[in-house]
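> Based on the sequences and whatever the hints tell you, model everything.
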Amino acid sequence: MKAMNIVSAINDALDIKLSEDKNVVVYGEDVGFEGGVFRVTEGLQKKYGVERVFDSPLAESGIVGTAVGMAVAGLRPVVEMQFCGFIYPAFNQIISHVSRMHNRSRGRHKVPMVIRLPYGGGINALEHHSESMESIFAHIPGLKVVVPSTPHDAKGLLISAIESDDPILFLEPKRIYRAIKQEVSEEKFSVPIGKAKVLAQGTDVTVVAYGAMIREVQKAMVMAKEAGYSVELIDLRTIYPLDKETVTASIKKTGRIIFVGEEPRSFGVGSEIMALANEEAFLHLEAPPKRVTAFDVIVPYPRGEHHYMITPEKIFYEIERTIKF
Amino acid sequence: MFDQFDPADNKMLQVIDNDGKVIAKEWMPQLTDEEMVKLYKDMLFVRTLDFMIVSYQRQGRVYTYPPNYGQEAISVAAGAVMRHDDWLVPAFRELGAYLAKGMSVKEIFMFNMGFEEGLRLKETHHMLPMSVPIASQLLHAAGIAYAAKYLKKDEVAFGFVGDGGTSEGDFHEALNFAGVWKVPVIFVVQNNQYAISVPVKMQTASLNMAIKSKAYGIKGIKVDGNDIFAMVAAFRFAQEYARKESQAVLIEAVTYRKGAHTTSDDPTKYRTTDEEKEWDLKDPLRRMKLFLEQKNLWTNAEEERISEEYKKEIDRQFVETEETVQYPLEDVFKYTYAEMPQDLRDQQIEHEKFLQWKTARK
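One line per chain: the protein sequences are A and B, in this order. Each residue of the first sequence is one higher than the one before, counting from 1 in my numbering. Each residue of the second sequence is one higher than the one before, counting from 1001 in my numbering.
The hints are simulated quantities; they were obtained by calculation from the structure and are not laboratory data. The structure presented is a predicted model; accordingly, all values stated were derived computationally and were not measured. Treat the hints with care, as some may be off.
Claimed, not checked - Below, in silico cross-link-like pairs of lysine to aspartate or glutamate (EDC-like), each with a Cα-Cα straight-line distance of 16 Å or less:
#1 K195/A with E1339/B
#2 K1149/B with E34/A
#3 K244/A with D1343/B
#4 K1153/B with E51/A
What the hints assert, rightly or not - Chain A side only, calculated, beta carbon under 7 Å to chain B, not exhaustive:
#5 K47
#6 L58
#7 G62
#8 T66
#9 V68
#10 M70
#11 S135
#12 A138
#13 P141
#14 P241
Backbone N, C-alpha and C define an ideal beta-carbon position, used for all residues, glycine too.
Okay, here's the thing in C-alpha cells:
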C-alpha cells in the first residue's frame, strides 16, 4: 500500500498498463516531456520512451482521430484532452467514429481507446477550463463514460478502461486531483465499469453523486448526521452504463432520492436519475425526486463561480427539505 | 519523381495522352501485357458495376449511391498497387480499391441496400469501412500508419479524400500529424472538380492541391487521375518511398466526376455540357482502350463479350443478395458495444415483449 492522490493513482495505472502491454501508448498536448499540465503522466516518457509516451501536435481532432486509427490497427491508445472545454474540436471524431466504428463494421473493428478528460469547476480557471459535460457523452450510443471520485477507484477504473474493448471517456475530477490522499495498493487491480458503490448506508434518503461532488456530499452528511438524518450515499463511478440496479434498490429502501451533480441541470445525468426513480421505484417514493445541480448557465468566471458551485450547505438544505416533505 | 513534378511548378505526371499514345515513356510503369489488360478489365468491371448500381437505384432497389463514373483509374490503380497488408482507408468513391482489398460485390450491394452488414468486409484484410464525414478518415490513416511504424510492421496506409475535403480541418491535421510523426501514409485527393455543386476554385486559392504538402513538410505530386499508367507509376513510387523512408505523401489525382455526386444530385444544374464533352476526351477507359487497341491487346468484340458477362454476373449476385439479406432485430442492438450493457439488453427485451403483444393482438 502507498499513499496516493488521484493524480498519482492515475499515473500508477498508466505505468502498470504501459509496463505490461506493449500496445498501450499515451499521448496528447504536453503529455510527454512535461508530463501533462497536471503532471498526471510525469516520468512516463522517461520510463517508456518517446514512441510510447509523447507530445502530439496541438489539435484535439487530430489526437482523437489518430487514436481511432491506432486502435483499429491493434494499439490501445490513451489520449489526454488537456481540459474538458478543449474537447469540442474532437467532437466529430468522437461522435462519428470513436462511438460508431464497432457498429459500422459489425464488430469487425474494435476501438479500444481511452480519452482522459480533466473536468469540472471550482479551480478559479480561465473560461473553457471548468465544464462538466458528462451527459453529452453519456447520451452518445457506443461510448462508455467513467468518473472516479477517489484515488483507489481512479486507478482501478483506468485499468479497466484501458483493458476494455469499448471506447471510454474517462473524466477526471481535477478539482480534487490532489485533495484526497488514500492508501492504495501498488499491485494491479481493477474496478469494474458499470458498477456504482454504496459509500454510506442510510435509511432516510438516497443521495446519488460522482466525481468531485462526492466530497461535498460527505461534508453535507456531517451536517445531516448532526440533524439526525440517515443518508445513503451512492457513488455512480460510471455514468454510462448506469448501474440502475444499485440506485433503484437504494431508492426503494429509503423512499427518497436526491441527485447531486455539478453539470447544468436540464437534460443531464440528474434527469436520468429522476426518470429512473419514476420508472423503477414510483410506488416507493415518499417525496418528489430532487436534483441539486449547477444552473443552466455558462460556468461563471472565477469571481462569480462561488454563486455557481454546489456547496455542502445547499446539499444539506435539499436533504432536509426532502426528508421533511 | 517528386523533384521533377514539384507541385510549385504546377506540373502533372502523365504517361499517355487523350489518344492513348505514350507521351512520357520514362514514367511508364513496368507492366506485362496481361497486367495491362487486367487493369483495363478491372476498370471496365468497376464502370459496369457502377452503372448497374445507379440503375438499381433508379428502380428503387438500392438507396442513395455515389457514382464512380469517370474516376475509375484512381481506385483501380490504388488497388493494383496496394500490398495485401497495406491499409485502405476510403472516403466513399473508391470502388476499384474496395474490390481489390476483397470487399465482395454482395457486400457493396448490401451496403447500398441499407445494411451495415455490407461493411463487415468479411474477406478484406486491412480495410476500413467507407467514411461519410468528409476528411475525418484521413486522421485514421495517419493513426494506422503510426501503429504500423510503432509495431515495425512495414505497412503503408492509403487514405482517400475528395477536393472538397481539403478544406476540412481534419485534412490539415492529418497531413500535419503524419508529417511530424514521419509515418508511412499516402493521402490521395481525388480532385474531381466538384464538391457536390461547388467547383474546386471555390475550395482553395492554392495553385493546386498537391502543393498543400509543402506546408506540412511532406512530399506531394499532381497526377493525371484519368491516366491509369500515371496513377500506377505515382502510387508505386509513393508507396516505396513511404515504406522505405517512413514518410507521408500527398497525391493529387486530377479527374472528373462524370456522374452525379450521389443519385440524389443533378449535375446539369451546375455545369455545362461543353465542359462534360471536354472531359469525355480524357475519360480513363477511353484512353486506355485506345492504348490497348494500338498494341493489339483489346478489341471491341472482346469488350462486348466481357461486358455482357459482367452484367450477367453482377445481376445474378444482386438478385441473390436481394433474396437472402435480412436485418434481424438483434442486429440493431448487438454491435453498439463490444461488451453490451445490461440496459441495452433490457431495451431489446422490452421491445420484444411489445412485438409479442402485437403478434398476439392480430
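> Work down the list of hints and note, for each, if the structure agrees.
Quick rundown of the hints versus the structure:
1. K195/A with E1339/B: Holds - the C-alpha atoms of E1339/B and K195/A are around 14 Å apart, at most 16 Å.
2. K1149/B with E34/A: 24 Å, violated
3. K244/A with D1343/B: Measuring from Cα to Cα gives roughly 8 Å; hence the hint holds.
4. K1153/B with E51/A: 15 Å, holds
5. K47: For K47/A, the interface hint is violated, since the closest Cβ of chain B sits about 17 Å away, which is over 7 Å.
6. L58: This interface hint is violated because 10 Å lies over the 7 Å limit.
7. G62: G62/A check passes; min Cβ-Cβ to chain B is 4 Å, inside 7 Å.
8. T66: 3 Å, holds
9. V68: 5 Å, holds
10. M70: Cβ of M70/A sits 4 Å from chain B, so the hint holds.
11. S135: Constraint on S135/A not satisfied, violated at 16 Å.
12. A138: 11 Å, violated
13. P141: 5 Å, holds
14. P241: 3 Å, holds
In terms of the numbered hints stated before, the structure departs from hints 2, 5, 6, 11 and 12, listed from lowest to highest.
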